[in-house]
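First to last, the sequence lines map onto chains A and B.
Counting with the numbering used here, you get residues 11 to 442 for the letters of the first sequence.
Counting with the numbering used here, you get residues 226 to 414 for the letters of the second sequence.
Simulated from the structure, these hints should not be mistaken for lab results.
Some hints here could point you the wrong way.
To be verified - Derived pair list, reagent style DSS-like, types lysine-lysine, alpha-carbon separation capped at 27 angstroms: (1) A:LYS204 - B:LYS399; (2) A:LYS99 - A:LYS372; (3) A:LYS194 - B:LYS303; (4) B:LYS303 - A:LYS79; (5) A:LYS152 - B:LYS303; (6) B:LYS319 - A:LYS168; (7) B:LYS380 - A:LYS204; (8) B:LYS399 - A:LYS168; (9) B:LYS319 - A:LYS138; (10) A:LYS94 - B:LYS319.
Stated by the list, open to error - Just some of the chain A residues that point at chain B, by a computed CB distance under 10 angstroms: (11) PRO61; (12) GLN78; (13) ARG134; (14) TRP210; (15) ILE331.
Unchecked claim - Simulated restraints, written as ranges between beta carbons of each label pair: (16) A:ASP286 - B:GLY304: 31 to 41 angstroms; (17) A:ALA60 - B:LEU248: 42 to 52 angstroms; (18) B:ALA401 - A:VAL253: 33 to 43 angstroms; (19) B:GLU269 - A:HIS167: 45 to 55 angstroms; (20) A:ASP93 - B:ASP315: 37 to 47 angstroms.
Quantities reported herein were computed from a predicted structural model and do not represent experimental measurements.
No residue lacks a Cβ here, since even glycine has one placed at the ideal position from N, Cα and C.
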Amino acid sequence: MTHVSRRSALVLAGTLGSLLAAAPPAAAQQQAPPVAAEQQTAPPAAQQPAPLPPGSPLIGRPDTAAAQKLAPIAPPPIPVAADKLPLDKLKAPKGFTIDVYASGVDNARTLRLGDKGTVFVSSRLKDKIHAIVDKGGKREVKVVASGLHRPNGIVLHKGTLYIAELSQISKIDNVEDNLDNPPKPTVIFSDLPKDEAHGWKFLTVGPDEKLYFQVGAPCNICMPSERHAKIYRLNLDGSGLEVVASGIRQIVGMDWHPTSKQLYFTENQRDWLSEDVPEDKLNRVTQPGKDNFGFPYCHQGNLPDQEFGWGHSCNEFTKPIALLGPHAAALGMRFYTGTMFPAAYRNQIIIARHGSWNRSTKVGGDLVLVKLKPDGTFRSMEPFVTGFIQNNNYVGRPADVMVMKDGSLLVSDDYNGAIYRVSYGPQRTARR
Amino acid sequence: MRSLAIGAIVAGLVALPLTAQPLEERLPTCFACHGENGTSQLPETPSLGAQPAFYATVQLVLFRDRLRVSEPMNEMTKGLSDTDLQKGADIISKLPPPQPVADTPDAVRTERGRALAEQHRCNFCHQSDYAGRENVPRLAGQREDYLLKALRGYKDNSRYAYDAQMSDVVYPLKDADFADLAYFLARLK
Numbered sequence: 011m012t013h014v015s016r017r018s019a020l021v022l023a024g025t026l027g028s029l030l031a032a033a034p035p036a037a038a039q040q041q042a043p044p045v046a047a048e049q050q051t052a053p054p055a056a057q058q059p060a061p062l063p064p065g066s067p068l069i070g071r072p073d074t075a076a077a078q079k080l081a082p083i084a085p086p087p088i089p090v091a092a093d094k095l096p097l098d099k100l101k102a103p104k105g106f107t108i109d110v111y112a113s114g115v116d117n118a119r120t121l122r123l124g125d126k127g128t129v130f131v132s133s134r135l136k137d138k139i140h141a142i143v144d145k146g147g148k149r150e151v152k153v154v155a156s157g158l159h160r161p162n163g164i165v166l167h168k169g170t171l172y173i174a175e176l177s178q179i180s181k182i183d184n185v186e187d188n189l190d191n192p193p194k195p196t197v198i199f200s201d202l203p204k205d206e207a208h209g210w211k212f213l214t215v216g217p218d219e220k221l222y223f224q225v226g227a228p229c230n231i232c233m234p235s236e237r238h239a240k241i242y243r244l245n246l247d248g249s250g251l252e253v254v255a256s257g258i259r260q261i262v263g264m265d266w267h268p269t270s271k272q273l274y275f276t277e278n279q280r281d282w283l284s285e286d287v288p289e290d291k292l293n294r295v296t297q298p299g300k301d302n303f304g305f306p307y308c309h310q311g312n313l314p315d316q317e318f319g320w321g322h323s324c325n326e327f328t329k330p331i332a333l334l335g336p337h338a339a340a341l342g343m344r345f346y347t348g349t350m351f352p353a354a355y356r357n358q359i360i361i362a363r364h365g366s367w368n369r370s371t372k373v374g375g376d377l378v379l380v381k382l383k384p385d386g387t388f389r390s391m392e393p394f395v396t397g398f399i400q401n402n403n404y405v406g407r408p409a410d411v412m413v414m415k416d417g418s419l420l421v422s423d424d425y426n427g428a429i430y431r432v433s434y435g436p437q438r439t440a441r442r
Numbered sequence: 226m227r228s229l230a231i232g233a234i235v236a237g238l239v240a241l242p243l244t245a246q247p248l249e250e251r252l253p254t255c256f257a258c259h260g261e262n263g264t265s266q267l268p269e270t271p272s273l274g275a276q277p278a279f280y281a282t283v284q285l286v287l288f289r290d291r292l293r294v295s296e297p298m299n300e301m302t303k304g305l306s307d308t309d310l311q312k313g314a315d316i317i318s319k320l321p322p323p324q325p326v327a328d329t330p331d332a333v334r335t336e337r338g339r340a341l342a343e344q345h346r347c348n349f350c351h352q353s354d355y356a357g358r359e360n361v362p363r364l365a366g367q368r369e370d371y372l373l374k375a376l377r378g379y380k381d382n383s384r385y386a387y388d389a390q391m392s393d394v395v396y397p398l399k400d401a402d403f404a405d406l407a408y409f410l411a412r413l414k
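Bound-form chain B, shown alone:
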């Protein structure tokens, strides 16, 4: 159902002369998928709230230049200027952080995820509260399915890494580790 909804939105976009559409007119479409206030309700679609502006700019540039491939995002950013992308990133960075998953966490899985995050020193670059900084994204409260997708993407090289850091870090990790990490991070405030 959801993918149908995305499909409809993308189809709608493609029909429009996108390159002629200024940033302001595109923004509602951004939040149609990424959620009002930047907290996403769509599977495998990240929450954007409180992402560092530097990180958001890097990703928007990679989408526009098609170094990072995701058809809806490549379409959405097509034709935008550097200044537009920076403006978009600034808007994203000022949105409230996403609310973490509010279930009763499985203590064993949470502990496994926490131990992995510390063992692999995720907290060094992503900060001890996983709020990210500069070119390093916020992970706390991110969608679990998106975190899993991102980690898998770094591992199999399907996601373009701006620099080599993440490709290196995920190299020794297994898919089960990714699941535990995503579980832990999605539930962090």
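Excised from the complex, chain A in its bound form:
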């Protein structure tokens, strides 16, 4: 590096420092007058923010004006009325129709279907699990559980609703028989970390009739503890905790391949490395108990972390089967197992990309169709339902998808507190 470029780097640092220091008025202005070259040669540490403490969730954020504009996007706290939903903005391929299935479902996240046709909906920022009962076309939204802490993960198995909150797992037996007077959930497992960061869970039941869920990394980028950044499984009674996979930053969507029965999951990658990398991943567990997906050493399967990557190679870790877009926040995913959609959709994956916040130009905000080869590896990815981003702003954010018994697909929108239904084929007369 030449002397000149080092000097300009110093001047730049000094300018940034004084810009930052100038932000709060009064006292700060006395200390950082915006003048004089001599001032800028003073130790820049005096003007620049001190380093963040170890483990701070803010590590990795650059101090630039463009980065300062970016922050996680909070959904409005009130569900949007049915007639104000952005239905006319959403686009699907020819032959598909999108309707509103339900509105007023606060912060709608994970979707699950009961054997008797009840649709269960979780939330992340509110305390409730909702049930939607369809009585001859008239849908009623009920609260089945409340007072929960970040109850993002839900799954139904043999009539029992299992709920994964931030730090415990509970259940309600025979839930569909008790929708009007549901008992309080019974806790079956509570030995989980209590970190808020990436503390919310996705919950599913495997072909082995065990509960699968993740404990995310409690940070954007950090060396996780032994307990974090893993997928675990548990017996249905809460016993027998085992590690299924490790090196996972955060998951909000998992599903089982209809024929191979292998576990596929979306994984959100770190923020603040750059606008365009790393990309989120679609992963597959092929060696339960052994797979390590690379966090925090390696991102997107081929990008060593600038700090933790030293001394490691991305080849040490299980590769993703597909990349899903930079900061795109790929969340809910399901294999399409219905028969209503064209044959090309059968046993392929539909993924809800919630959409980026850590990027100047937003990406995601759509459903994508990922097609697999017969061996279960990646073949292609194409847009399916689009339009949640308009003029670089969200008009809604898809969080999860679920295949209904008739083969239609439900989509939850946690931004608007709504659920849409995507169907294919000639339209029946709209029910009013």
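Place chain B on chain A using the hints.
Structure of chain B alone, referenced to chain A:
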């Protein structure tokens, strides 16, 4: 004395059939505690002036749904509709910002608070003038005792955080840091 006054107001409220009271009739009670024009004179009671409407709506919903627990506020918001809460939040957002503490600031404490705020990047989400934006509250000129209470509440989880941001941010901070931050922010114009 002040808590007695609040007690009297709350007692008065409880005696009324609150759920039957529309928003407009409740508003004078709001400003009895939060101050005329939204600049609070009551300990540990925040100034509301110029809070972003989004943030104010979130907090009002959390109070009404009892996710954020504060008896007077849970009572005050009981039975109000979503539209009422949004209307209330709009009114709050249009009030003038609170006047910062007008003493001669202790330069050392101010500097400690300023350095902490920058070190922890408070200015990223709360904006460089700490006026807040969308779901992120205004901090400039807020009551010092309320800022301290809020920060402690995020740290010990006694205050419900809408999303996880604040719980994360305060995690590495100590109580002495909270005091310096509150001192600095309460004196910002």
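To see whether the hints hold, each was checked on the structure:
1. For the given pair, LYS204 of chain A sits about 19 angstroms from LYS399 of chain B by alpha-carbon distance, which is consistent with the 27 angstroms threshold.
2. As the CA atoms of LYS99 of chain A and LYS372 of chain A are separated by approximately 16 angstroms, the hinted pair is consistent with the 27 angstroms bound.
3. A C-alpha spacing of about 24 angstroms is found between LYS194 of chain A and LYS303 of chain B, which places the hinted pair at or below 27 angstroms, so the restraint holds.
4. Taken as a hint, the LYS303 of chain B and LYS79 of chain A pair is broken in the structure, with Cα atoms around 36 angstroms apart against an allowance of 27 angstroms.
5. Taking the CA atoms of LYS152 of chain A and LYS303 of chain B, the gap is about 20 angstroms. The hint holds against a cut of 27 angstroms.
6. Between LYS319 of chain B and LYS168 of chain A the CA atoms are separated by roughly 53 angstroms; this puts the pair beyond 27 angstroms, and the hint is violated.
7. Proposed proximity of LYS380 of chain B and LYS204 of chain A is supported: the alpha carbons are some 13 angstroms apart, at most 27 angstroms.
8. For a cut-off of 27 angstroms, the pair hint linking LYS399 of chain B to LYS168 of chain A is broken: about 48 angstroms separates their Cα positions.
9. Taking the CA atoms of LYS319 of chain B and LYS138 of chain A, the gap is near 32 angstroms; set against the 27 angstroms cutoff, the hint is violated.
10. Distance check on the hinted pair: LYS94 of chain A and LYS319 of chain B sit about 25 angstroms apart at the alpha-carbon level, within 27 angstroms; holds.
11. Given hint, PRO61 of chain A at the interface with chain B, holds; its Cβ is 8 angstroms from that chain's nearest Cβ, closer than 10 angstroms.
12. Look at GLN78 of chain A: its Cβ gets to within about 5 angstroms of chain B, closer than 10 angstroms, so that hint holds up.
13. Checking ARG134 of chain A against chain B: minimum C-beta separation of about 8 angstroms stays under 10 angstroms; hint holds.
14. Taking 10 angstroms as the C-beta cut-off, the interface hint given for TRP210 of chain A holds, the closest approach to chain B being about 8 angstroms.
15. Checking ILE331 of chain A against chain B by beta carbon gives a least distance of about 29 angstroms; that is not within 10 angstroms, so the hint is violated.
16. With their beta carbons about 50 angstroms apart, ASP286 of chain A and GLY304 of chain B fall outside the hinted range of 31 to 41 angstroms.
17. Take ALA60 of chain A and LEU248 of chain B: their Cβ atoms lie about 46 angstroms apart, and the range 42 to 52 angstroms holds.
18. Take ALA401 of chain B and VAL253 of chain A: their Cβ atoms lie about 40 angstroms apart, and the range 33 to 43 angstroms holds.
19. Look at GLU269 of chain B against HIS167 of chain A: about 47 angstroms separates their beta carbons, and that is inside 45 to 55 angstroms.
20. Checking the proposed 37 to 47 angstroms range against ASP93 of chain A and ASP315 of chain B shows it is violated: the Cβ atoms sit about 21 angstroms from each other.
Hint check: violations occur at hints 4, 6, 8, 9, 15, 16, 20; the rest are consistent with the structure.
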